[in-house]
Amino acid sequence: MRPTSRSLTICFATVLALAGLSPLDAAGQRRGGDPASTSEVTFSIDVRAAIGEFYSAHPSPALQPLPPGIRKKLQRGKPLPPGIAKRVAPPELRNAASLPDGYEIVEVGLDVLLVEVATNLIHDVLMDVVR
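Residues 158 to 288 (our numbering) make up the sequence shown, in order.
These aren't lab readings, by the way, just hints derived from the structure by calculation. Check each hint, because a few of them may be wrong.
As the list claims (entries may be wrong) - Pair ranges (Cβ atoms, derived):
no.: 1; residue 1: P218; residue 2: D258; range: 32 to 38 Å
no.: 2; residue 1: G240; residue 2: S213; range: 25 to 31 Å
no.: 3; residue 1: P239; residue 2: S213; range: 28 to 34 Å
no.: 4; residue 1: V286; residue 2: P238; range: 17 to 23 Å
no.: 5; residue 1: D258; residue 2: P225; range: 14 to 20 Å
no.: 6; residue 1: L278; residue 2: L220; range: 19 to 25 Å
no.: 7; residue 1: E261; residue 2: A206; range: 17 to 23 Å
no.: 8; residue 1: L278; residue 2: R251; range: 16 to 22 Å
no.: 9; residue 1: G240; residue 2: A206; range: 16 to 22 Å
no.: 10; residue 1: S255; residue 2: K229; range: 28 to 34 Å
no.: 11; residue 1: S201; residue 2: G240; range: 18 to 24 Å
no.: 12; residue 1: E261; residue 2: I227; range: 15 to 21 Å
By construction, the Cβ of each residue, glycine as well, lies at the ideal position given by its N, Cα and C atoms.
Between the sequences and the hints, there should be enough to build the whole structure, so can you do that?
Given below as structure tokens:
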């Protein structure tokens, strides 16, 4: 066997061996690992109801809706658009939601979002709640 073909064979075998060590499956999804870290954090039905009741009892007439183009970007699994004006939700809502560490409830325009603090990733959206 010539030196170049031996090198190519070793290189090819190494690539195949390393491909099996990838933590992702063929669809690009994470395999195995901690189920808690892969579960989706969203508002429960009870928390959704509590948020709706809170804003019904505490209206904010001065707030304006976001422009439609920016509002379309508020989707689950997408990052919060940079520079968007957000307000941290009142303590009553944060306490009622009992969120895991690293998540916060924010108001953006008339909408309420569940956002992962470290990545600004949107995990849930309630539209037209803040009125």
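>> Between the beta carbons of S255 and K229, is the distance compatible with 28 to 34 Å?
In response: holds, 30 Å
>> Can you tell me whether the CB distance of L278 to L220 sits inside 19 to 25 Å?
In response: Taking Cβ atoms as reference, L278 and L220 lie about 24 Å apart, which means the hint holds.
>> Within 16 to 22 Å: is that where the Cβ-Cβ distance between L278 and R251 falls?
In response: holds, 18 Å
> Could one say that the CB atoms of E261 and A206 fall in the range 17 to 23 Å?
Replying inline: holds, 20 Å
>> Quick check on a hinted range of 18 to 24 Å for S201 and G240, using CB atoms only.
In response: Violated, since S201 and G240 (Cβ atoms, about 30 Å apart) do not stay within the stated range.
> Within 17 to 23 Å or not, the Cβ separation of V286 and P238?
Replying inline: Taking Cβ atoms as reference, V286 and P238 lie about 19 Å apart, which means the hint holds.
>> Can you tell me whether the CB distance of G240 to A206 sits inside 16 to 22 Å?
In response: violated, 32 Å
> Does the hinted range 14 to 20 Å hold for D258 and P225 at CB?
Replying inline: Hint violated: Cβ distance 34 Å, outside 14 to 20 Å.
> Taking 15 to 21 Å as the hint, is the beta-carbon distance of E261 and I227 inside that range?
Replying inline: Since E261 and I227 have Cβ atoms about 20 Å apart, the given range 15 to 21 Å holds.
> Do P239 and S213 keep their Cβ atoms within the hinted range of 28 to 34 Å?
Replying inline: holds, 31 Å
> Within 32 to 38 Å or not, the Cβ separation of P218 and D258?
Replying inline: holds, 34 Å
> Regarding G240 and S213, is the given constraint of 25 to 31 Å on their beta-carbon distance met?
Replying inline: holds, 30 Å
Checked against the numbered hints given earlier, the structure breaks hints 5, 9, 11 and satisfies all the rest.
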